Amino acid sequence: MSDKNLPTVNQQALLEQYLLLAKSAKGAAAVELIKQVLVAPGIYVFGELLDMPNIQELSNSTQYSPYYQLLHLFAFGTFSNYMDNKSQFPELTPAMINKLRHLTIVSLATKEKCIPYSKLLKELDMKNLRELEDLIIDVIYADIVRGKLDQRNSRLEVEYTLGRDIKPADIDIILQVLQEWSDGCETVLNNIENQIIKANNTKDTHLKLKQSIENEVSNIKKNLKAQAQDSDSVEEMREVLQPEKPSKKKPNTKGASELDFKPSTSLDFESEQKRRIENLMGYIN
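Counting from 44, one number per residue, gives the positions in the sequence shown under my numbering.
Treat the hints with caution; some may be incorrect.
Capping the alpha-carbon separation at 30 Å, the derived lysine-lysine pairs in BS3-like fashion look like this [said to hold, decoys possible]: (1) Lys210 <-> Lys241; (2) Lys170 <-> Lys191; (3) Lys210 <-> Lys78; (4) Lys165 <-> Lys154; (5) Lys66 <-> Lys78; (6) Lys165 <-> Lys191; (7) Lys210 <-> Lys162; (8) Lys78 <-> Lys129; (9) Lys210 <-> Lys165; (10) Lys253 <-> Lys268; (11) Lys69 <-> Lys210; (12) Lys154 <-> Lys170; (13) Lys265 <-> Lys253; (14) Lys129 <-> Lys246; (15) Lys241 <-> Lys253; (16) Lys191 <-> Lys156; (17) Lys210 <-> Lys66; (18) Lys265 <-> Lys246; (19) Lys165 <-> Lys78; (20) Lys265 <-> Lys251; (21) Lys264 <-> Lys253; (22) Lys129 <-> Lys162; (23) Lys253 <-> Lys210; (24) Lys251 <-> Lys268.
Here are the in silico distance ranges between beta carbons for each label pair [to be verified]: (25) Asn243 <-> Asp177: 56 to 66 Å; (26) Asp127 <-> Glu229: 15 to 25 Å; (27) Glu259 <-> Lys156: 56 to 66 Å; (28) Gly90 <-> Gln219: 51 to 61 Å; (29) Glu200 <-> Ser130: 31 to 41 Å; (30) Asp226 <-> Thr153: 14 to 24 Å; (31) Gly90 <-> Glu176: 48 to 58 Å; (32) Lys210 <-> Asn234: 28 to 38 Å; (33) Lys210 <-> Ala56: 16 to 26 Å.
If you are wondering where the hints come from, they were derived from the structure by calculation, not from laboratory data. Keep in mind it's a predicted model, so treat the numbers as computed, not measured. The beta-carbon is built from N, C-alpha and C at its ideal position, and this holds for glycine as well.
Hey, can you work out the whole structure from these sequences and the hints?
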């Protein structure tokens, strides 16, 4: 299991005991359960508890409804929501304020990867920069946000953040975003497949061209070899038909066996043959 999944798993285990208690807790007992879970360390999701029937009943009670709204605030809201509607909620303890501020940082971190200190100070209703940095350090140590403080640029750089509860009204928006993401992935996959087909076609064309060139080179080599062999044959024939050197003695005009042919100095076979014929005709005449 990756480290990123550990906070969610731990929260579920911690929340489970409160879900069991909520099955039997009603009225004041349910209110007390809400107070406990809101300050419990390590619990930052409250949607399942909010959906429990006994907790839902609190919304119908004038006396206990503010605590139901408070739980709803911790599930989906931020500290600025609390400040804007402070009269609708019970008074918060310092521990509750601290956790709601933690949850507010989580909400901001899901929207921005670099959160300016100025925005954090405004959203958390804080004036002191040192207190803000201490709060951010607490959030990082709680492992609900992972990142680092960039004091030079006065901002929080977020690497990872825990997910919060999802409002039912936001489900359609999430589905739309996921559908758009799916469509985008489909487009990318189609483009990749087209590029693969194009690359394969280019590869086939290059292979055919390579084979054609190799065949042409092979044919040229065969032709050169054949020409070389023909040239050797001609040379051999020339050497065979090359006349002997003329004798120093005067030609014997009485016998044909002592015919004297003038030596050929031409390298052309046909010319040599012609000269030999002419010499023979001269002898006959």
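Here is what the structure says about each hint:
1. Distance restraint check for Lys210 and Lys241: the Cα-Cα separation of roughly 46 Å exceeds the 30 Å cut-off, and the hinted pair is therefore not satisfied.
2. Straight-line distance between C-alpha atoms of Lys170 and Lys191 comes to about 21 Å, which keeps the hinted pair within the 30 Å bound.
3. In summary, the hint linking Lys210 to Lys78 is supported, as the alpha carbons are separated by about 21 Å, within the 30 Å threshold.
4. Taken as a hint, the Lys165 and Lys154 pair is honoured in the structure, with Cα atoms around 16 Å apart against an allowance of 30 Å.
5. This hinted pair checks out: Lys66 and Lys78 have alpha carbons roughly 16 Å apart, not beyond 30 Å.
6. Simply put, Lys165 and Lys191 have alpha-carbon atoms about 20 Å apart, close enough for the 30 Å limit, and the pair holds.
7. Restraint check for Lys210 and Lys162: the C-alpha separation of about 24 Å stays at or below 30 Å, so the hint holds.
8. Distance check on the hinted pair: Lys78 and Lys129 sit about 17 Å apart at the alpha-carbon level, within 30 Å; holds.
9. Note on Lys210 and Lys165: the hinted pairing holds, with a Cα-Cα distance of about 24 Å set against a maximum of 30 Å.
10. Note on Lys253 and Lys268: the hinted pairing holds, with a Cα-Cα distance of about 23 Å set against a maximum of 30 Å.
11. Proposed proximity of Lys69 and Lys210 is supported: the alpha carbons are some 24 Å apart, at most 30 Å.
12. Of the pairs offered as hints, the one joining Lys154 and Lys170 holds, with about 23 Å between alpha carbons and a cut-off of 30 Å not exceeded.
13. Taken as a hint, the Lys265 and Lys253 pair is honoured in the structure, with Cα atoms around 18 Å apart against an allowance of 30 Å.
14. Distance check on the hinted pair: Lys129 and Lys246 sit about 69 Å apart at the alpha-carbon level, beyond 30 Å; violated.
15. For the hint linking Lys241 to Lys253, the alpha-carbon distance of about 18 Å falls within 30 Å, and the restraint holds.
16. This hinted pair checks out: Lys191 and Lys156 have alpha carbons roughly 11 Å apart, not beyond 30 Å.
17. Taken as a hint, the Lys210 and Lys66 pair is honoured in the structure, with Cα atoms around 22 Å apart against an allowance of 30 Å.
18. A hinted pair counts as satisfied when its Cα atoms are at most 30 Å apart, and Lys265 with Lys246 qualifies at roughly 29 Å.
19. Restraint check for Lys165 and Lys78: the C-alpha separation of about 26 Å stays at or below 30 Å, so the hint holds.
20. About 21 Å separates the Cα atoms of Lys265 and Lys251, which keeps this hinted pair within 30 Å; it holds.
21. About 16 Å separates the Cα atoms of Lys264 and Lys253, which keeps this hinted pair within 30 Å; it holds.
22. Only pairs whose Cα atoms come within 30 Å are accepted, and Lys129 paired with Lys162 is accepted, the gap being roughly 20 Å.
23. Our distance criterion of 30 Å between C-alpha atoms is broken by Lys253 and Lys210, whose separation comes to about 63 Å.
24. For the proposed pair Lys251 and Lys268, the alpha carbon gap of about 26 Å is at most 30 Å, so the pair holds.
25. Take Asn243 and Asp177: their Cβ atoms lie about 60 Å apart, and the range 56 to 66 Å holds.
26. The supplied range of 15 to 25 Å is broken by Asp127 and Glu229, whose beta-carbon atoms lie about 42 Å from each other.
27. For the pair Glu259 and Lys156, the beta carbons lie near 60 Å from each other, so the given range of 56 to 66 Å is met.
28. A hinted range of 51 to 61 Å is violated for the C-beta pair Gly90 and Gln219, which are about 21 Å apart.
29. Taking 31 to 41 Å as the suggested C-beta distance range, the pair Glu200 and Ser130 conforms, at roughly 36 Å.
30. Range check, Asp226 to Thr153: about 22 Å between beta-carbon atoms, so the 14 to 24 Å window is met.
31. Distance hint check for Gly90 and Glu176: the Cβ-Cβ separation is about 30 Å, which falls outside the suggested range of 48 to 58 Å.
32. For Lys210 and Asn234, the hinted distance range of 28 to 38 Å is satisfied, since their beta carbons lie about 35 Å from each other.
33. At roughly 24 Å, the beta-carbon separation of Lys210 and Ala56 lies within the given 16 to 26 Å, and the hint holds.
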